[in-house]
Each structure stands twice: as C-alpha cells, then as structure tokens.
Amino acid sequence: MDHRSIIEKINTHKKQPNLRFRLKKNTEKFTDLLFYMLFDIETPVAESLDKLEKQFDELVDLACWESDKPCKKVWENYVEKLPLVLESLNLDAEATVNCDPASLSIEEVYMAYPGFYAISVYRLAHELYKTGFPLVPRLMTEYAHRQTGVDINPGAQIGKSFHIDHGTGVVIGETAIIKNDVKIYQGVTLGGLFVAKKLQQTKRHPTIDNNVTIYANATILGGETIIGANSIIGGNAWITSSVPPHSTVFHTPEIKIKTLPHV
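If you read the sequence shown in my numbering, its first letter stands for residue 1, the second for the next number, and so on.
Cut-off 20 Å, straight-line C-alpha distance, at most; resulting in silico cross-link-like pairs (SDA-like, lysine to any residue):
| hint | residue 1 | residue 2 |
| --- | --- | --- |
| 1 | 81 | 156 |
| 2 | 203 | 240 |
| 3 | 29 | 63 |
| 4 | 198 | 173 |
| 5 | 15 | 63 |
| 6 | 160 | 177 |
| 7 | 130 | 74 |
| 8 | 130 | 80 |
| 9 | 25 | 57 |
| 10 | 179 | 159 |
| 11 | 160 | 171 |
In short, the hints are calculated from the structure, not lab data.
Between the sequences and the hints, there should be enough to build the whole structure, so can you do that?
Okay, structure coming up:
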C-alpha cells in the first residue's frame, strides 16, 4: 500500500466531524485559570475574568455543535455563580482542616490536598453542567481525575462542607446525591447497581444523608440506596440497600490461624 493510499484510508475512517482534541487542551487551561483566580492571591480577578471570557468563547466555538443552543448566554450566568462556588469551596477547605489531624494549615489544604482540588473542579464544572453546556464540564472533572485519582461526575449533587481524605480511587456517579458535612476516604465508590444504557435518565447512584462518614474502599450502589444521617460506613463494606440513620455498618474479616507449618 503506497503512502497516498494510507492517507486516504485514515481519512476515510476519521468519522467524527466534531472531534477536536484542542477542546480538551483548552478546557484544561480554562480550568487552571479558574482555580488560580479563585484562590491564588497573586492572580488578579478582573484581568483573569477577561481572559476566562475569551477562553470560554473559544470553548463555545469548539463545543457547541448545535446552533440553536444559546451557549453564548452561559458565560454571564456562570460568572454570577462564582462567588457562591468560592464560598462553598472555602467551607470544604475548612471541613478538611477540621477533619484531618495531619493538616498543618488551611493553605496546605488549598495547595496540597488532591481531594480538595477534585472537589473544586467538580463544583466549577457542576455549574456548567446544570446549564446543559456540552462536554466541557466532563472534560474539567476528567482533568481533575487524571491529576488526583478522584473521579466525580459533574452531574452529582454535593452539599456543603464536603471532605475527601487522601482521595485516590474515589468514584462518585452522575446521579449521586451527597448532603452536608459528609466525609469519605480513599477508594470509596458511589456507583450504579446495574449498568444499562436504558437507565440513562434514571437515578442510578446512592443518596448520602447529612453527617455521614464513609471509610476506605467502601462500595455503595444503587439509585434507591439511602445512607441515613449520622451513619458510619466502615472500610470495605459492600452496600446495595438503604441504611437507617445513626447506623454503623462494617465488614467483618474472616481470620484463620494456621496450626501446622506449610498448611
């Protein structure tokens, strides 16, 4: 096969007319500047907002494939919500300082805690998700996932003072609902009990009520599963049905003591 034929065949199989990976890279730059504008004292707000608006216009050109969707109107509404997002994120940072005895300062949380970074990008993406802005919110949270190991779908609903400790391996599905003052540890999954495309418009992921702690590697599945307020879910627990308030759920390991050598 000659060089020209190879080129023609590759072009024949490039079937997605809207697939521009520049959108992914531009979204990452947009996310970085958003984060720095909100938290970094040396990043000027007014100047950054002007840059962000230009970056957002580029994202609109790349992501809004349907001309009848009013993507141009999204930016002004989004900017109005940023002060409330920042207020929520400051509460998340304070929750981490209050929960984690290893935290030395609140500045450490903002700069060094992967769980806080993942929550920050989630909250910024969630506001765009609610407007129906295509693909960009998912690219934002996937960017955070790649950096932190924390996978939060931008469609999840998360209340105030949320804390993720360590973070690696956490998965929070699209229709999960997490209320206020919830703490979760590494490896926790809030997932679906069944996987089927027909369930796309249904609630597939659990609800976590106020003041719940979920320890490492616990798995909670199902859209009808509710973890009641003030409950503690122990490490490695596997839960597919609701738990009443004020409960403690734990996994009991089986221990066998060898009585003979090499047995």
